[in-house]
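Build the full structure now, drawing on both the sequences and the hints.
Letter by letter, the chains look like this.
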Amino acid sequence: MSTGNGNLLEVRDLRTYFHTEDGTVKAVDGVTFNLRRGETLGIVGESGSGKSVTTLSIIRLIQSPPGQIVSGEVVFDGRDILRLTENEVRRIRGRRIAMIFQDPMTSLNPFMKISRQLMEMTRLHLGHSKAQAYAHAVKMLETVGIPDPRKRADDYPHEFSGGMRQRVMIGMALSCQPELLIADEPTTALDVTIQAQILELIKTLKQETGTSVILITHDLGVVAGMTDHLIVMYAGKVFEQAPTRELFAVPGNPYTKGLLRSVPDPTSARGTLYQIRGLPPDVAHLPPGCPFAPRCDRVEEICHREFPPFVRLTPDHSSLCHFAGEVYEESRLEREAISGQ
Amino acid sequence: MLRFIIRRLIITIPTILVVITITWGLIRLAPGNFYTGDKALPEAIEQNIREKYGLDEPWHEQYLRTMSHILRLDFGTSLKYEGKSVNEIIARSLPVSATVGILAYLLALIVGITVGSIAALKQNSKWDYASMTLAMLGISIPNFVLGPILVLFFSLTLYWLPPSRWDGFPSKSVILPVITLSAAYMAYIARLTRAGMLEVLRSDYIRTARSKGLSETQVVIRHALRGGLLPVVSYTGPALAFLLTGTVVVERLFVLPGLGNNFIQASLNRDEPLILGIVAFISMTLLSMNLLVDIAYGFLDPRIRH
Numbered sequence: 031m032s033t034g035n036g037n038l039l040e041v042r043d044l045r046t047y048f049h050t051e052d053g054t055v056k057a058v059d060g061v062t063f064n065l066r067r068g069e070t071l072g073i074v075g076e077s078g079s080g081k082s083v084t085t086l087s088i089i090r091l092i093q094s095p096p097g098q099i100v101s102g103e104v105v106f107d108g109r110d111i112l113r114l115t116e117n118e119v120r121r122i123r124g125r126r127i128a129m130i131f132q133d134p135m136t137s138l139n140p141f142m143k144i145s146r147q148l149m150e151m152t153r154l155h156l157g158h159s160k161a162q163a164y165a166h167a168v169k170m171l172e173t174v175g176i177p178d179p180r181k182r183a184d185d186y187p188h189e190f191s192g193g194m195r196q197r198v199m200i201g202m203a204l205s206c207q208p209e210l211l212i213a214d215e216p217t218t219a220l221d222v223t224i225q226a227q228i229l230e231l232i233k234t235l236k237q238e239t240g241t242s243v244i245l246i247t248h249d250l251g252v253v254a255g256m257t258d259h260l261i262v263m264y265a266g267k268v269f270e271q272a273p274t275r276e277l278f279a280v281p282g283n284p285y286t287k288g289l290l291r292s293v294p295d296p297t298s299a300r301g302t303l304y305q306i307r308g309l310p311p312d313v314a315h316l317p318p319g320c321p322f323a324p325r326c327d328r329v330e331e332i333c334h335r336e337f338p339p340f341v342r343l344t345p346d347h348s349s350l351c352h353f354a355g356e357v358y359e360e361s362r363l364e365r366e367a368i369s370g371q
Numbered sequence: 002m003l004r005f006i007i008r009r010l011i012i013t014i015p016t017i018l019v020v021i022t023i024t025w026g027l028i029r030l031a032p033g034n035f036y037t038g039d040k041a042l043p044e045a046i047e048q049n050i051r052e053k054y055g056l057d058e059p060w061h062e063q064y065l066r067t068m069s070h071i072l073r074l075d076f077g078t079s080l081k082y083e084g085k086s087v088n089e090i091i092a093r094s095l096p097v098s099a100t101v102g103i104l105a106y107l108l109a110l111i112v113g114i115t116v117g118s119i120a121a122l123k124q125n126s127k128w129d130y131a132s133m134t135l136a137m138l139g140i141s142i143p144n145f146v147l148g149p150i151l152v153l154f155f156s157l158t159l160y161w162l163p164p165s166r167w168d169g170f171p172s173k174s175v176i177l178p179v180i181t182l183s184a185a186y187m188a189y190i191a192r193l194t195r196a197g198m199l200e201v202l203r204s205d206y207i208r209t210a211r212s213k214g215l216s217e218t219q220v221v222i223r224h225a226l227r228g229g230l231l232p233v234v235s236y237t238g239p240a241l242a243f244l245l246t247g248t249v250v251v252e253r254l255f256v257l258p259g260l261g262n263n264f265i266q267a268s269l270n271r272d273e274p275l276i277l278g279i280v281a282f283i284s285m286t287l288l289s290m291n292l293l294v295d296i297a298y299g300f301l302d303p304r305i306r307h
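Sequence order for the protein chains is A and B.
Counting from 31, one number per residue, gives the positions in the first sequence under this note's numbering.
Counting from 2, one number per residue, gives the positions in the second sequence under this note's numbering.
Honestly, the hints are just simulated from the structure, not real lab data.
All values reported here derive from a predicted model rather than from experimental measurement.
Note that CB positions come from ideal geometry on N, CA and C, so glycine has one too.
Careful, some of the hints might be misleading.
[Stated by the list, open to error] Here are the simulated lysine to aspartate or glutamate pairs, EDC-like style, with alpha carbons at most 20 Å apart:
hint, chain 1, residue 1, chain 2, residue 2
1, A, Lys233, A, Glu215
2, B, Lys123, A, Glu51
3, B, Lys123, A, Glu116
4, A, Lys143, B, Asp205
5, B, Lys53, B, Asp75
6, A, Lys160, A, Asp184
7, A, Lys56, A, Glu336
8, B, Lys127, A, Glu51
9, A, Lys233, A, Asp221
10, A, Lys236, A, Glu172
11, B, Lys53, B, Glu83
12, A, Lys143, B, Asp302
13, A, Lys169, A, Glu238
[Unchecked claim] Which chain B residues face chain A? A few, computed with CB under 7 Å, are given here:
hint, residue
14, Thr209
15, His224
16, Gly228
17, Pro232
Have a look at this one:
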């Protein structure tokens, strides 16, 4: 089963474009990353940075037209998903790669009993009989902490609260013991206390089953405690990539630094909250240089002219910036200054 | 649910009474009478007729008498067809209207939903454009134009089908009226299905269904159709009522001995009991179909069941 190098998923130079009347939107433009077995990878970025499109491309759920996976490789357990037939991909979806989505209010079918929606998974992929599938569905509901699962199984989604629905989604996604769970902003639509519960649930289930996880979010607080590796995306490109601790400690990209400075610090109540100026760019009409240049604090003339290189700072830390080395060095000095105090 | 049904049934009664009152008023407001013809009647004979049918009484007494009969579901006898009760006439003509109506309804549903679903699944393809153009034509061409065109082509040019005759069902004589009658409904259902399906196919839970590894057919049949067809359901209830009770134009065109044709005859003859009887029957059918739709909605959409 293993490919030998310990990688469950290798995404190489993935490009997904949307052909619209307004021009070609390069939603994902040359994304490359690896995911090791049992690891949790976080993808962060603002709305429209290509996080969701990246993961939807991985299991080929991009609506076409207008979407099109233009090029790239998505090697899952040694096989390139982009080269499989539709039938082969369907056997992977739900069975080996499962997804949960942002809005649990709308992600479950409102016309179907919860039990039937869960049973569908194991009947399709594990060949369960009706009775087996029902028993399994109840068991999954119990696993994700639905109280009185035997009784609740035959309820409809609207009879559950938002947090409970997201639990149901997680239970459904994990019902075939997938090797990879993709969670696309699983807590964004929930209130804060429920967010913590859902994250805790994902964490526990991940430890129990050994599933690898890709966690998409725009909330840096969420990824900090959950992920091993982080990818920062901007305008369809990977801007920075590093182990989570390293990225938080010594960011090598002005955009990442801006993001980290934008997180409110509850220990210092004074002063105005930093914000990155401007708005995310229109990915249909990108300027020739660095897409972040118009908003960057340390922008120089070259940034508007030339597209930046993807600089390798350490063996597993890279940054897309003309001045990646300098930014990284600055971060280290700041770090030392703080710890020296 | 039961309370809801009972409440709705109770509201039905005053609604029908209002409809009948308005119809009665319209008949009385129109000049002339059922006995007025080309030649004026001698005074004495006219007086006799007025007494016999109670037309010499004050109008409110006549109204109350009519209503009290109708409330007991006694519509009286036709003024034109001596000795024939209104109930008898309705019972004889309803099967004709209902046969054509049900066939047209089924045809409209089957073709409309199929075409609409295909158009939605293959959005912006040539299939989509072709079927929606046809649907637009179907809605825009009135049946009194479509009927004669079909007759001209299939009956008077190709000699395949009879132009106007009723041989009962099944027979060739059914085909043209059914097509003429169902065309507009078919087209409208196709458009409703397409719009409903497009909305549902873009929804989050369809993405979830796809991410489970279901085939496109399973996604459409198990997950999309139910939500996509809700708009169609609310339309088809009243549509069925209209189709069942016969349509004036199509029955007239193809000379079918149905309710619609009888209704026109009754109106021309100023046959008050027959007009009121048919109007009452049609409104009752329409209201019960609306009620059926609401009940069906409850079964289809668990969110409004409570």
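How the hints compare with the structure:
1. Lys233/A / Glu215/A: Satisfied, since the Cα-Cα distance of roughly 15 Å is no more than 20 Å.
2. Lys123/B / Glu51/A: holds (19 Å)
3. Lys123/B / Glu116/A: With Cα atoms ~17 Å apart, Lys123/B and Glu116/A stay inside 20 Å; holds.
4. Lys143/A / Asp205/B: Roughly 17 Å between the alpha carbons, so the hint for Lys143/A and Asp205/B holds.
5. Lys53/B / Asp75/B: holds (18 Å)
6. Lys160/A / Asp184/A: holds (14 Å)
7. Lys56/A / Glu336/A: The given pair, whose Cα atoms are some 18 Å apart, holds under the 20 Å limit.
8. Lys127/B / Glu51/A: holds (19 Å)
9. Lys233/A / Asp221/A: holds (18 Å)
10. Lys236/A / Glu172/A: Holds. Lys236/A to Glu172/A sits at ~16 Å (cutoff 20 Å).
11. Lys53/B / Glu83/B: It holds: about 14 Å lies between the C-alpha atoms, which stays within 20 Å.
12. Lys143/A / Asp302/B: Within the cut-off at roughly 11 Å; holds.
13. Lys169/A / Glu238/A: With Cα atoms ~15 Å apart, Lys169/A and Glu238/A stay inside 20 Å; holds.
14. Thr209: holds (5 Å)
15. His224: holds (5 Å)
16. Gly228: holds (6 Å)
17. Pro232: Result: violated, 14 Å to nearest chain A Cβ.
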